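Visitor: The lines below spell out each chain.
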Amino acid sequence: MKFVDVVKTSNSNLRRSKLRTFLTLLAISIGTFTLALSLGLGQGLRNYISSELGQYKGVNLYQVEKTTLNNFSGLGNHDPIVYNPNKSPSSANYQNNFLSATDIDQIKKVKGVQNLELPYAVVFDYATAPNGTKYEASNSTFLSQNPLNLVAGKTLSATDPGSVLISQKYLPLVGSSDISSALGKKLTLTYKNAKGAISTITLEVKGVYEPSLIQAPIFINSQDAEKIAAEQAPGGAPLFNFVFISKSSDVTDVQIKANLSNAKFTGRSFADINNTLNNIITGVQISLAAFSGIAILASIVGVINTLFMAVLERTREIGLFRALGSKKRTIFYLFSVEAALLGFWGGVIGIFFAFLAQIAINKIAANTFLKGVDGIQLLNIRPSLIVFIIIVISIITWIAGLLPAFKASQVDPIESLRYE
Amino acid sequence: MLEVVNVNKIYGKKDKAFNALSDITLSFEKGTSNAIVGKSGSGKSTLLHILIGLDHPTNGSVLYDGKNILKDMNTDSWRGKNVGIVFQQFFLQPNDSVIDNVGLPLKLQGIAKKKRNIKAAEALKKVGLEDRMKSKANDLSGGQKQRVAIARALVDNPSILIADEPTGNLDTENGDAIENLLFELQKKLGTTLVIVTHDTDLAKRCERVIYLKDGKVEKDTYKGKK
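Line by line, the protein sequences are chains A and W. Be aware that the first sequence starts at 1, since it is given in the working numbering, and climbs by one per residue. Be aware that the second sequence starts at 1, since it is given in the working numbering, and climbs by one per residue.
Worth flagging that the hints you see were computed from the coordinates, not collected in a lab. Predicted, not measured: the structure shown is a model, and the values here were computed from it. Virtual Cβ for every residue (Gly too), placed ideally from N, Cα, C. Some hints could be false.
What the hints assert, rightly or not - Facing chain A, from chain W, some residues (calculated, C-beta under 8 Å):
hint	residue
1	Gly-80
2	Leu-104
3	Pro-105
4	Gln-109
5	Gly-110
6	Lys-115
7	Asn-117
Put together the whole structure using the sequences plus the hints.
Guide: What follows is the structure, encoded as structure tokens:
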């Protein structure tokens with residue numbers, strides 16, 4: 001029997017018991033639906049992280065902190081810990097996590113550290129637009145290796161006092177409606193010092209960049225950041241949990257991490273952070289897919305049951321086929337292909353509804369909890385994912401159908417022709 | 001020529017052993033009409049199943065043109081190409097069209113739809129149902145259904161036509177018509193016809209009648225011979 005005839009015959013056999021086929025397809029499609037959504041959610045988040053952190057690919061920037069952070073023993077619900085001078089203190093002992101001036105000097109001396117930059121944490125109360133409107137002004141200190149997608153102007157140099165970079169969405173803070181006119185405009189920022197006295201600093205916009213979720217909307221130059229951070233620090237000296245370094249070209253990524261580790265510091269590149277996030281998403285994705293797997297497993301029982309019923313119902317037909325010259329393997333193909341088709345159609349239906357759900361959920365998300373977050377598509381069921389799911393489900397149901405198909409192929413033609 | 005040589009068929013073992021067929025040797029010449037007659041339990045159905053390779057004899061052999069159908073060839077393929085079968089219960093696919101039912105043996109052999117439709121149409125013409133090609137099998141009368149079954153049996157011009165109680169499910173009028181059709185086509189196509197029946201009138205229309213009793217050939221008669 002030609003393969004195309006096997007497929008056509010198996011497909012038309014599915015239509016014989018419409019209700020039973022419908023219920024089996026419903027079970028498979030529910031499993032496929034949840035699987036598609038969970039994988040689509042993971043893919044959506046992964047894509048977003050890649051798009052955000054992708055600009056850090058190949059960037060020579062490492063976040064360095066004390067290795068003590070790995071020694072977390074809980075905040076307080078534990079027995080007293082005996083002091084051990086050879087063991088780093090618990091990370092819950094926050095003071096020990098700050099880097100001292102000695103620590104910073106030590107990091108600078110680690111072999112392969114080319115440049116060290118301090119991430120000054122400056123707190124502005126507000127920014128005042130030319131029309132008098134006050135806006136919140138969350139910001140970061142610009143690091144020389146920080147990759148920004150500039151849409152106008154220039155990036156900042158290592159120091160560049162008096163300059164600032166702003167996100168494209170923050171043009172109203174300098175009274176501009178278009179990118180090019182923002183360059184050279186003044187951004188007025190107000191802050192309080194450690195004693196509560198109010199000060200103002202005015203910075204000139206040197207560049208405008210594309211906004212993203214992980215980049216602050218305002219980047220101030222490190223020289224002004226250092227000055228303000230010192231004014232805001234209660235002791236006059238800003239504290240740091242971590243610093244940023246760039247490595248020299250004569251050491252590899254592995255070597256610089258090893259060198260930092262030997263000096264009891266932990267260095268993580270942005271690629272590592274990306275990988276960590278991806279690993280978390282993969283974990284979540286696997287967990288969700290496992291739940292979908294349970295639904296699919298339940299539907300497989302339905303497939304096996306459906307096919308065993310079909311074998312019983314079509315016993316005489318099997319006998320007829322054998323009497324007319326059909327080989328045992330043709331009977332086996334007919335039933336196993338029927339099982340695969342159950343998976344295929346169930347998969348198609350499940351994916352179709354998952355696709356509709358994706359459109360609706362993405363729309364709702366974009367208008368509610370993801371409002372204002374550009375570029376994020378919460379669910380992303382890609383064409384390759386669709387093909388993958390349908391093939392996998394078809395293979396799974398095909399495997400589920402092997403036993404009933406084998407049973408069908410072993411039916412005694414003489415007995416089956418007598419079967420009532 | 002189709003032959004059964006020293007065929008025995010024993011069901012069960014030891015004390016429960018039952019001889020369905022005992023040392024049967026028969027040959028069916030090409031183009032002849034043959035009837036196997038006997039009461040229920042005489043072994044005629046067992047013989048029929050062994051003849052077409054659906055059942056295996058306990059010992060003995062079935063030869064087609066000198067070759068053992070169970071050992072020297074693929075029995076299923078041989079049956080598909082050389083044997084046409086007409087059943088008492090028709091065994092049509094009720095929701096399929098008449099032409100699809102007739103083309104089924106060709107489909108199982110892997111013949112393309114276009115070609116099998118041409119052959120099925122020719123077979124339907126032979127049984128006078130060319131105008132019902134597109135009808136569903138379920139919409140036909142009993143007599144028409146058996147005609148479709150005959151067309152299905154003849155669709156690939158088999159050299160052997162087996163009919164198992166072909167008129168058993170039909171009224172007298174339709175039964176006679178089917179009988180006439182079977183013999184007419186057998187003569188026209190030169191097919192070896194083997195009818196299994198307990199209807200002695202139908203058997204007597206054959207050139208040869210084999211009487212089975214308790215798994216043995218009781219009598220083997222030829223028309224015109226004693």
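Visitor: Each hint needs a verdict: does it hold in this structure or not?
Guide: Evaluated hints:
Checking Gly-80 (chain W) against chain A: minimum C-beta separation of about 2 Å stays under 8 Å; hint holds. About 6 Å separates the beta-carbon of Leu-104 (chain W) from the nearest beta-carbon of chain A, less than 8 Å, and the hint is met. At its closest, the beta carbon of Pro-105 (chain W) sits 5 Å from a beta carbon of chain A; the interface hint therefore holds under the 8 Å criterion. Taken as an interface hint, Gln-109 (chain W) checks out: its beta carbon lies about 7 Å from the nearest beta carbon of chain A, inside 8 Å.
Given the 8 Å rule on beta carbons, the hint for Gly-110 (chain W) holds: about 5 Å separates it from the nearest Cβ of chain A. A distance limit of 8 Å between C-beta atoms decides the matter here; for Lys-115 (chain W) the minimum to chain A is near 11 Å, and the interface restraint is violated. Violation of the interface hint for Asn-117 (chain W) is found here, the shortest Cβ-Cβ separation to chain A being roughly 13 Å, above the 8 Å cut-off.
The earlier numbered hints that this structure contradicts are 6, 7.
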